[in-house]
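Protein chains in written order, with our numbering: chain A, 6 to 120; chain B, 36 to 148.
Hints are computed from structural coordinates only; laboratory data are not their basis.
If you're wondering where the values come from, they're calculated on a predicted model, not measured in any experiment.
Positions of the beta carbon are idealized from the N, C-alpha and C atoms, including for glycine.
Careful, some of the hints might be misleading.
[Stated by the list, open to error] Result set (EDC-like, lysine to aspartate or glutamate): computed pairs, CA atoms no more than 20 Å apart in a straight line:
#	chain 1	residue 1	chain 2	residue 2
1	B	Lys-135	A	Asp-78
2	B	Lys-135	A	Glu-64
3	B	Lys-77	A	Asp-43
4	B	Lys-77	A	Glu-108
5	B	Lys-91	B	Asp-66
6	A	Lys-14	B	Glu-74
7	B	Lys-135	A	Glu-35
8	B	Lys-91	A	Asp-31
9	B	Lys-135	A	Asp-43
10	B	Lys-103	A	Asp-61
11	A	Lys-14	A	Glu-77
12	B	Lys-91	A	Glu-108
13	A	Lys-14	A	Asp-31
[What the hints assert, rightly or not] Here's a subset of chain B near chain A, in silico, CB distances under 10 Å, partners left out:
#	residue
14	Ile-69
15	Tyr-71
16	Asp-84
17	Arg-86
18	Met-89
19	Asn-128
20	Gly-139
21	Gly-141
[Said to hold, decoys possible] Away from chain B, derived, C-beta distances all over 10 Å, residues of chain A:
#	residue
22	Gln-27
23	Ala-29
24	Glu-108
25	Gln-109
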Amino acid sequence: NAGVTQTPKFQVLKTGQSMTLQCAQDMNHEYMSWYRQDPGMGLRLIHYSVGAGITDQGEVPNGYNVSRSTTEDFPLRLLSAAPSQTSVYFCASSYGQVSVSYEQYFGPGTRLTVT
Amino acid sequence: GESVGLHLPTLSVQEGDNSIINCAYSNSASDYFIWYKQESGKGPQFIIDIRSNMDKRQGQRVTVLLNKTVKHLSLQIAATQPGDSAVYFCAENFGGSNYKLTFGKGTLLTVNP
Chain A
6 NAGVTQTPKF
16 QVLKTGQSMT
26 LQCAQDMNHE
36 YMSWYRQDPG
46 MGLRLIHYSV
56 GAGITDQGEV
66 PNGYNVSRST
76 TEDFPLRLLS
86 AAPSQTSVYF
96 CASSYGQVSV
106 SYEQYFGPGT
116 RLTVT
Chain B
36 GESVGLHLPT
46 LSVQEGDNSI
56 INCAYSNSAS
66 DYFIWYKQES
76 GKGPQFIIDI
86 RSNMDKRQGQ
96 RVTVLLNKTV
106 KHLSLQIAAT
116 QPGDSAVYFC
126 AENFGGSNYK
136 LTFGKGTLLT
146 VNP
């Protein structure tokens with residue numbers, strides 16, 4: 006299993022540009038999440054999904070959109086990039102059965118810089 | 036412990052010593068806690084978890100202690116090795132779902148050879 010994969014690893018955008026961060030998992034996990042991590046901060050939840058076709062907002066959703074058309078993929082879209090969105094973005098997935106495990110499996114991250 | 040502002044708490048230990056990393060969590064209704072390790076340039080990796088009906092859980096070289104009275108969690112690493120150098124995060128879950136983890140700001144552990 007590849008686990009959770011993210012592309013690209015690095016990206017530089019100009020203010021106002023849009024782009025999509027890709028995330029895929031091959032563990033058949035129901036739950037997927039997007040976090041951002043800023044220097045000296047913990048991870049903050051942007052959006053999450055409890056299954057294909059179902060998404061919801063997390064703590065810091067403004068400026069981001071998500072969709073979940075398949076179990077495997079959970080792309081994060083930046084609609085109009087702003088310097089405040091410069092961050093490292095992590096995608097995570099986990100089982101839907103809480104009795105199995107609450108563990109979230111994280112991807113390697115995408116480092117985004119907005120100039 | 037928890038960080039203030041943008042600066043992570045740091046813990047520096049000698050190789051072979053035991054390390055204790057502390058975390059204060061926020062919600063008395065939290066029912067599940069996880070410790071993650073994050074090495075530079077990588078995503079967080081699961082270390083150990085504990086449910087709220089327990090006060091101690093042991094893994095390989097790691098022990099997590101939970102004190103619900105004071106909402107405190109600690110991670111003990113035995114015989115710390117240079118490969119343990121990383122940022123350690125605690126995370127809590129409440130509400131019975133496993134997609135809304137709330138993360139602490141992390142502690143930087145540096146192991147000196």
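Here is what the structure says about each hint:
1. At roughly 19 Å between alpha-carbon atoms, Lys-135 of chain B and Asp-78 of chain A fall within 20 Å of each other, so this suggested pair holds.
2. Taken as a hint, the Lys-135 of chain B and Glu-64 of chain A pair is honoured in the structure, with Cα atoms around 10 Å apart against an allowance of 20 Å.
3. Restraint check for Lys-77 of chain B and Asp-43 of chain A: satisfied, since their Cα atoms lie roughly 14 Å apart, inside the 20 Å limit.
4. Annotation: proposed proximity of Lys-77 of chain B to Glu-108 of chain A holds, straight-line Cα distance about 17 Å (limit 20 Å).
5. With a CA separation close to 14 Å, the supplied pair Lys-91 of chain B and Asp-66 of chain B stays within the 20 Å bound.
6. With a CA separation close to 16 Å, the supplied pair Lys-14 of chain A and Glu-74 of chain B stays within the 20 Å bound.
7. For the proposed pair Lys-135 of chain B and Glu-35 of chain A, the alpha carbon gap of about 13 Å is at most 20 Å, so the pair holds.
8. The hinted pair formed by Lys-91 of chain B and Asp-31 of chain A fails the criterion: a straight-line CA distance of about 33 Å is larger than 20 Å.
9. As the CA atoms of Lys-135 of chain B and Asp-43 of chain A are separated by approximately 18 Å, the hinted pair is consistent with the 20 Å bound.
10. Proposed proximity of Lys-103 of chain B and Asp-61 of chain A is contradicted: the alpha carbons are some 30 Å apart, above 20 Å.
11. For the given pair, Lys-14 of chain A sits about 19 Å from Glu-77 of chain A by alpha-carbon distance, which is consistent with the 20 Å threshold.
12. Only pairs whose Cα atoms come within 20 Å are accepted, and Lys-91 of chain B paired with Glu-108 of chain A is accepted, the gap being roughly 18 Å.
13. About 19 Å separates the Cα atoms of Lys-14 of chain A and Asp-31 of chain A, which keeps this hinted pair within 20 Å; it holds.
14. The beta carbon of Ile-69 of chain B is positioned within 10 Å of a beta carbon in chain A (closest approach about 7 Å), and the interface hint is therefore held.
15. Nearest Cβ of chain A to the Cβ of Tyr-71 of chain B: about 8 Å, under the 10 Å cut. The hint holds.
16. Hint status for Asp-84 of chain B relative to chain A: holds, with the closest Cβ pair at about 6 Å, below 10 Å.
17. Hint status for Arg-86 of chain B: holds, given a least beta-carbon distance of 9 Å to chain A, under 10 Å.
18. With its C-beta approaching chain A no nearer than about 14 Å, Met-89 of chain B sits outside the 10 Å limit, and its interface hint is violated.
19. Against a cut-off of 10 Å between C-beta atoms, the interface hint on Asn-128 of chain B holds, since the closest Cβ of chain A lies about 6 Å away.
20. Residue-level restraint check for Gly-139 of chain B holds (minimum Cβ-Cβ distance to chain A is 5 Å; threshold 10 Å).
21. Hint status for Gly-141 of chain B relative to chain A: holds, with the closest Cβ pair at about 6 Å, below 10 Å.
22. At the 10 Å boundary, the C-beta of Gln-27 of chain A stays outside the reach of chain B, the nearest C-beta of that chain being 15 Å off.
23. The non-interface label for Ala-29 of chain A is consistent with chain B: the shortest C-beta to C-beta separation is roughly 14 Å, beyond 10 Å.
24. A Cβ of chain B approaches the Cβ of Glu-108 of chain A within 10 Å, the least distance being about 5 Å, so the stated non-interface status is violated.
25. Its closest Cβ contact with chain B, about 6 Å, brings Gln-109 of chain A to no more than 10 Å, contrary to its assignment away from the interface.
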